[in-house]
Amino acid sequence: MSDARPDDEGGGGDSDAPGVEAAESAAEAESDVPAHRARSRSGRIDSEQRQGTPYTESQVIMPTVKIVAPFAFTYGLFITFHGSGSPGGGFQGGAIMAAVVFMIAFAFGIEATRDWLANTVVVGLAVGGALAFAGIGLIPVARGGAFLQYDLLPVPVKYGLESVEIFGIAAIVSGVLMGLFFLLARGFDSDGSGFGDTGSVDDAGDDAASDLDAPETSDRTAAADGGER
Amino acid sequence: MTGASSLAAPVVAQVTAIEASLLAFVVLTALATALARDVLAAVIVFGAYSLGMAALYTFYRAPDVALTEAAISAGVTTVLLLLTLAKTTRIDHDAVFESVNLPAVGAVGVLFGGLLLTMGDIPAVGSPEAPVWSNPDVSQWYLSESYAQTGVENTVMAVLAAFRGFDTFGEAVVVLAGGIAALIVLHREVFA
Amino acid sequence: MTLVDAGVAAGYTVADFLLLAAAGFTLLAIGMLYRAVRGPTMQDRVLAVNVLGTNTVVILAILAAALSEPTFLDIALVYALLNFLMAIAISKFTVERGGVL
Numbered sequence: 667m668s669d670a671r672p673d674d675e676g677g678g679g680d681s682d683a684p685g686v687e688a689a690e691s692a693a694e695a696e697s698d699v700p701a702h703r704a705r706s707r708s709g710r711i712d713s714e715q716r717q718g719t720p721y722t723e724s725q726v727i728m729p730t731v732k733i734v735a736p737f738a739f740t741y742g743l744f745i746t747f748h749g750s751g752s753p754g755g756g757f758q759g760g761a762i763m764a765a766v767v768f769m770i771a772f773a774f775g776i777e778a779t780r781d782w783l784a785n786t787v788v789v790g791l792a793v794g795g796a797l798a799f800a801g802i803g804l805i806p807v808a809r810g811g812a813f814l815q816y817d818l819l820p821v822p823v824k825y826g827l828e829s830v831e832i833f834g835i836a837a838i839v840s841g842v843l844m845g846l847f848f849l850l851a852r853g854f855d856s857d858g859s860g861f862g863d864t865g866s867v868d869d870a871g872d873d874a875a876s877d878l879d880a881p882e883t884s885d886r887t888a889a890a891d892g893g894e895r
Numbered sequence: 577m578t579g580a581s582s583l584a585a586p587v588v589a590q591v592t593a594i595e596a597s598l599l600a601f602v603v604l605t606a607l608a609t610a611l612a613r614d615v616l617a618a619v620i621v622f623g624a625y626s627l628g629m630a631a632l633y634t635f636y637r638a639p640d641v642a643l644t645e646a647a648i649s650a651g652v653t654t655v656l657l658l659l660t661l662a663k664t665t666r667i668d669h670d671a672v673f674e675s676v677n678l679p680a681v682g683a684v685g686v687l688f689g690g691l692l693l694t695m696g697d698i699p700a701v702g703s704p705e706a707p708v709w710s711n712p713d714v715s716q717w718y719l720s721e722s723y724a725q726t727g728v729e730n731t732v733m734a735v736l737a738a739f740r741g742f743d744t745f746g747e748a749v750v751v752l753a754g755g756i757a758a759l760i761v762l763h764r765e766v767f768a
Numbered sequence: 312m313t314l315v316d317a318g319v320a321a322g323y324t325v326a327d328f329l330l331l332a333a334a335g336f337t338l339l340a341i342g343m344l345y346r347a348v349r350g351p352t353m354q355d356r357v358l359a360v361n362v363l364g365t366n367t368v369v370i371l372a373i374l375a376a377a378l379s380e381p382t383f384l385d386i387a388l389v390y391a392l393l394n395f396l397m398a399i400a401i402s403k404f405t406v407e408r409g410g411v412l
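Chains as they are written, first to last, in my numbering: chain A, 667 to 895; chain B, 577 to 768; chain C, 312 to 412.
Hints are computed from structural coordinates only; laboratory data are not their basis.
This structure is a prediction, so every number in the text was calculated from the model and none was measured.
Among the clues, some could well be false.
[Stated by the list, open to error] Cβ-to-Cβ under 10 Å is the rule here; a few derived chain B residues that face chain A: (1) Ala638; (2) Pro704; (3) Glu705; (4) Pro707; (5) Ala734; (6) Val749; (7) Ala758; (8) Leu762.
[Claimed, not checked] What the simulated footprint calls covered on chain B by chain A, stretch by stretch (three residues with Cβ under 8 Å from a Cβ of chain A suffice, anywhere in the stretch; the number is not a length): (9) 607-614; (10) 639-645; (11) 684-694; (12) 711-721.
The beta-carbon is built from N, C-alpha and C at its ideal position, and this holds for glycine as well.
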């Protein structure tokens, strides 16, 4: 894979990429910046310059993920929906479905996946799951029973349990795990402005809330960065 | 295990080959995770640890726990730890293992020995006299009543979602609160 | 083959042999652990953890057969699917230490 990446850079139609690479490697050789950090900065700039096109990373990983991901996602759904008859349930199935998103992000680039899977989807899953769980629990209360008293639901008890697992737990777990993944991938104040780079390039693709946040973020980053070095 | 006089012998007699090898694997991976000098190596060996734990849970007929271990550790924990490591700097080491602090090992050893002394009073794994199994009001009641009352064959799910449903609701909200706390800690307002 | 026949005649069931085979695979996993811990390069460790994952899938499948619980195969399937994720995550991380993530 380490061989494949420079070839991609050269043949990808990105005319200034080899020059950037050479300059980076020259700077790498003489400066005291750790090699991996310099390389990571160059990779980030490249993927930003290409405006969200998935950076063709590996000829092995991408086709394999294309084949495996649908099956893994279906299996996550199976684990979620068949929690009543076989091992598993909402938690495990939700984790597997989130893992499928991780898989896709590793194959097609985290930034591209972040754009594909909007923030509203992630937040909607997490918060909607909690609201669905509470709502299913409160329906029996409205009918004069206790919280989550399934026999007061208009469906059989078994389907009440499964609806809690599917709409509640699986949604919460998958949403929160995806959110944690994207959060950790972006890191602490390093959304393109970390490590001393220019500020709001990365925020261009994000939604309005993040745009409003951008100047403040870069200020804070500069302070944090100065403190760090 | 019931006789306090012979502490070790019955234990060895009960442990089968698969249990012994799985336990050895789990202990070795746990030690290697704790001692590995390079953090990435520790993360990788920790993945191996979870593999052994999943097999052990499976052998003890706890498929739900094993499935959770598989999904969370193989799919999620390793990835999240790697993403965190990607944001840190690497320090090159020559040594494979961490240097061991002997007083700490002594303290842990004393604690371990103290805990080991209590093992004689713990019922054997799978023993029919174990309170967790023989309790007629809790375990046996769930096992006999969960299908009749919920129509769900998987008792674990029946207990989680129905009999202990309010606890599960609390846990689900805790998961959501964990996500929100991560947002606050990392100074973000959006996940993606 | 004659050994198996003798064992069955001596009162051991097929499940016992399967459990013994699972124990053997676990011993192999312990051997592979040496490469995962020691492995001079990260590529060694990636391969080792991949082999360990495949090994665990086999162990889980054998356990499902030995304990005659077909639903335990679910766990083996989950591991087979997610071990791939672990392998690509670690191997992509190994390139430039996460710079390409």
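Hint check:
Interface hint at B/Ala638: satisfied, since its Cβ lies 9 Å from the closest Cβ of chain A, which is below the 10 Å cut-off. Below 10 Å, beta-carbon pairs count as interface contacts, and B/Pro704 has none with chain A, the closest being about 23 Å; its hint is therefore violated. Violation of the interface hint for B/Glu705 is found here, the shortest Cβ-Cβ separation to chain A being roughly 27 Å, above the 10 Å cut-off. Taking 10 Å as the C-beta cut-off, the interface hint given for B/Pro707 is violated, the closest approach to chain A being about 25 Å.
Interface hint status for B/Ala734: upheld, as the beta-carbon distance to the closest one in chain A is roughly 7 Å, under 10 Å. A cut of 10 Å between beta carbons decides the hint on B/Val749: the least distance to chain A is about 6 Å, and the hint holds. Look at B/Ala758: its Cβ gets to within about 5 Å of chain A, closer than 10 Å, so that hint holds up. For B/Leu762, the interface hint holds, the least distance from its beta-carbon to any beta-carbon of chain A being 5 Å, beneath 10 Å.
With 0 residues bearing a CB less than 8 Å from a CB of chain A, the stretch 607-614 of chain B misses the requirement of three and the coverage assertion fails. Interface restraint, the stretch 639-645 of chain B with chain A: holds (5 residues with C-beta to C-beta distance below 8 Å; minimum three). Residue count for the stretch 684-694 of chain B with a Cβ under 8 Å from a Cβ of chain A: 0. That is fewer than the three needed, and the coverage hint is violated. For the stretch 711-721 of chain B, the proposed coverage by chain A is not satisfied: 0 residues have a C-beta within less than 8 Å of a C-beta in that chain, short of the threshold of three.
The earlier numbered hints that this structure contradicts are 2, 3, 4, 9, 11 and 12.
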